[in-house]
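Sequences listed follow chains F and X, in order.
Just so we're aligned: the first sequence equals residues 2 to 442 in the working numbering.
Just so we're aligned: the second sequence equals residues 59 to 486 in the working numbering.
These aren't lab readings, by the way, just hints derived from the structure by calculation.
Facing chain X, a subset of chain F residues (Cβ under 10 angstroms, in silico): (1) Tyr238; (2) Ile250; (3) Glu253; (4) Asp278; (5) Val290; (6) Gln294; (7) Asn296; (8) Cys299.
Here a beta-carbon is modelled for each residue, glycine too, at the ideal position from N, C-alpha and C.
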Amino acid sequence: MRVFTGIDLGSTTTKAVMLDENGDILGRGITNSRSNYDLAAAIAKAEARTSARFVLLGRELATTEDAAALDRFLPRLQIELRRRQHLQRLEVLREICAEECQHPRVARIREELERRVDQIVSQLVAAEARPGPLAIITKEAKGSDFFRDRASSDYSRLAEKAADVEVGFDDLMSIFDKAIIRVENTELKEGFEELILQALLDLGSRFDETTLARYRAAVQRTLAIELIDGGVIGTGYGRQRLPFPKESIRSEILCHGLGAHHQFPNTRTVLDIGGQDTKAIQVDGVGIVTSFQMNDRCAAGCGRYLGYIADEMNLGLHELGPIALQSERTVKISSTCTVFAGAELRDHLSSGQRQEDILAGLHRAIILRAMSLLARSGGIDDEFTFTGGVANNPAAVKALRQLVQENYGDRVLNISPNSIYTGALGAALFCRRAAEDRAAA
Amino acid sequence: MDNVDKEPSMLKQKEMIGAHFDRLAEAPAQGKKVVYTFVPGNLTELLLSFDVLPVYPEINALQSAMRKRSGDFISEAERIGHSEDVCTYVKCDIGMKRSGNIGPTGKPIPKPDLLLLSYTGCFTFLKWFELLREEYDCPVVLLHTPYQADGEITPSMREYMVRQIRSEVIPALEKLTGRAYDEDRLRECLELSRQAEDDMVHVLESAQNRPSPIDAYFGGVFYIGPMFTAFRGTKAAVDYYAMLKQEVDARIARGEGPITPDGPMGPEKYRLVVEGPPNWTHFREFWRMFSEEGAVVVASTYTKVGGVFDFGFRHDPNDPLGTLADYCMGCYTNRSLPQRVEMLASYAKKFSADGILVNSVKSCNSFSAGQLVILREVEKRTGIAGGFIETDLVDARYFSAANVKNRIESYLQMIEQKRSGKTEEVRA
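Extracted from the complex, chain X is given alone in its bound form:
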């Protein structure tokens, strides 16, 4: 968002990210340990309690895409033998590593001392870390995450997770850092997480207002940034969300809509629920296709990939390992299709949405499998108009701007027709 005056929370987030990458760049000299892990089901509080620095390869990949570097990185990975069909996050990450592993702020990202695979809901994650293990010659610790196939977390699933954290993850971190597991420290981090989570949920729920003061998808990806990555469990995150909450509340009080990269959005005409990750290579252009038409996203599932907090879950300092288990198993892509349908239908109602739109990305089967079934079911249950577009995460070759724009415009006009009483249903 270079074109508009940044709000203080955005500047703060930028500072936080800058400081984190500074710390990472200095880690080898400072003798700090670095752990690579993924966003879904990340155990950031546990890592922080051991004073290690986390790196999130998917975040590096999406930031590379936003900086228009992913194309080169993907080509680099394809040159060394990764096929065109491989998840583009993986290729972008591998390509970045092969190109010097320079982070988004221009500083080098250190190699990992440990790869913590704390979420196995995505099978590609396993293969990804298998590749990184070869690239970096470092150990992997794996936390096997049971899928919520029956739509719930059972006590035995929870117990299984806690046992793994206790017997696999904690010993690996103790061995890595030479420190003993400090539960009090972990509890402190979890308490900070809980506080920040309250404010973040407040921000996401603010989209119930008309006009919505936020865009819960395109703007949402910025709001979830600190929570889903290195900052959950820190004072900085608590401060960031308190600040963001204040800004959003002020926007509600002034009756203002979201701020886009091109400035404040015009009048709100369409309220959408979006399922699926965004495209990162054309992020601004993609957002503009919505904002120019007056379409605001009032709820999205992508902003739940690193944790679903809006149905009541909060990290609980009183049950440190149990709460980490619940968190890991609760993240969005670990939920069954009926749970996802339920969630989307509830968003449609709660946020008074005009439509539900699926952005199906080529790279991510954890998301894409079953999306059309989900869409049809949500349409049936809510009666709102469904739409479907296809793009990719970080491979620009799968983003056909003219086609995507055409689909979005057609979809919004379809909603307009439906609303303006021209349809059979309304006429009858």
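Just chain F, same shape as in the assembly:
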């Protein structure tokens, strides 16, 4: 089977989308962007392949199983696979931490440090080692699925307990901080095939022998499907760093336009608020960009603005929107500068304003910036599609709805649950088109 991949190297995350020959989405992958863009692209792509395998497995199973059985089996298998991957990464973390403990700067406490770091990692491994998805499910429910995020919160919690006057918390964390970057930059030794078979074994006790045999056969048939690389197209800020020829690189403006069109074919205006830029895009009836505006000179009002505010308020990024939704009286935030908005925030807090009201004001401030770009790009036509990480923030969406209604009247506002993949989807669509064009030529 030929597959077409789009990779979007964003400032915060790298996303990959894989399409099959019919243009249907087979898989999606996401990872933290890092200084090593090549690797981020490789990991996102590998994740997309993994998720594609699950879609294909679903298709195979659908020939013999009913929907309820599929719902019981597939998510569990996926969780087991993730647990296996997590365990592998923890073992890599253990090795690299041990190396980092050899550094001369920690020579004074080396032995003790090594022992405690290893103990912490062992505890992390033990927590994941039990087959059975419960621990992971709860962790996933908390938010991020990235190894770094999950491992660092668990590690730091354990490091606090393990620290004393001899080996301090900072000593323990400094080893982790150094190691985690290297762990993220290490590709796992075992591939999908080994892991999925292990995951299947892990689940063995939960299903009867005949059922399991059918599942195993379906997994084998899926593994036998060869995913032939029909091409890769890269987009996003890191696109110039991808090891691709120039013709395999597309601007994310075009990719977002086409991706949004694919998700919602009546889209005429697209707003994308990403980590470091905001784009207002107009597209025609086939998803081709006819006009766009971006922030050039200043990144205030982008996703990072919210990250900064979350840090200032000592909150998680995902908590901001829900808190702001509780507001009854939006505070007016006038500064367009991220840092000044932080100062304004402290000022409002000290004058007794409620946190939710200030946050509602900050969300409105971001959307006001976006409204200006939208106006400059040609306004908001029906239908209007909102993409990018900030589209997952309910308070930002609420502010957008209000301002669109006030300025343009009724507009259909589309937000895909997979909006973060819009750019990668557009790139994958371009990739498939290019292959069609080549075939036609």
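Following the hints, position chain X against chain F.
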């Protein structure tokens, strides 16, 4: 352009500039008078007829930026109290003055004996010379330029200008130099201007060819150099443009495209009309963002700031003061928005452009005000794709290379999509 073999015209221009700055450096010792003036609406022929040497502060500012000195100069001006929002040309000039007023060739630029404000279409110019008057303690003579609000130069506007030149500017120059106004000398200069203008228009119009032998924006700023500054009205300028014309004609004959700082440009893929001044702090990098993609600018409005010659205007030796008035009022930023729309739309057609791109600079409201409206209107009239980028003239802090490059690439890919028949319009 250090990396490639320079064409003879480039070497000649360099020599001309070098000689001018030499003359300026020697002016105090030689007892020559120096007048500072601006590019738009400059009365260079009149100055030359009085044998005074002109200095153009905006040119100093942009040359400082190209030599990566503008950042220090702007900081210097900000240290003495100019805010971040002030036009960066002004701050760069003031900072340069405070840092010893050394010109681009490394020689000192003498202080002005007179400040000739011959164009008031830019309000900042007034304030700029007000500041320089304090800095240098020297007189200012002001020529009030009526704006072409209704899209034309009326006889009364012309008369008003001529009267000012006769009663304000000429007496100030007579007083400065101790010479009487010599109209015959002025006519000679104007005749030389006319000749050079013919050849310069020929060069700019050559971009109608495919491939265009010139880049009419990035290359264009070099081509307009002598015409818009100290050389219009001189034999040197006539020779320079004759030489340039010959080179460009030879490139057309050989079917060659423009020469960039990195060498001859590759195949021409996109033909653009550009509105707005360039960024000077990253000039090469900015140009490369276009040339690497095969984008050539076939017409630009910035190359009309010091005079619009391609719609027929030429300096007329038979009407010396009237022609100076027409010239001053005709320069690009003195034109109304509908006139600018008309001009850009006509360029799109005449030069078979694929797109119109606006470079909106933070410093210059004379240019930037209304640019989006202009863009939308030109898009509507011509059907070509519009694009918009934001930078600044000489303040590097307002040039975000990654963002600008991203926008340009996106814009060019948008044109490509439009052209390759993938759009709704074409499919239908």
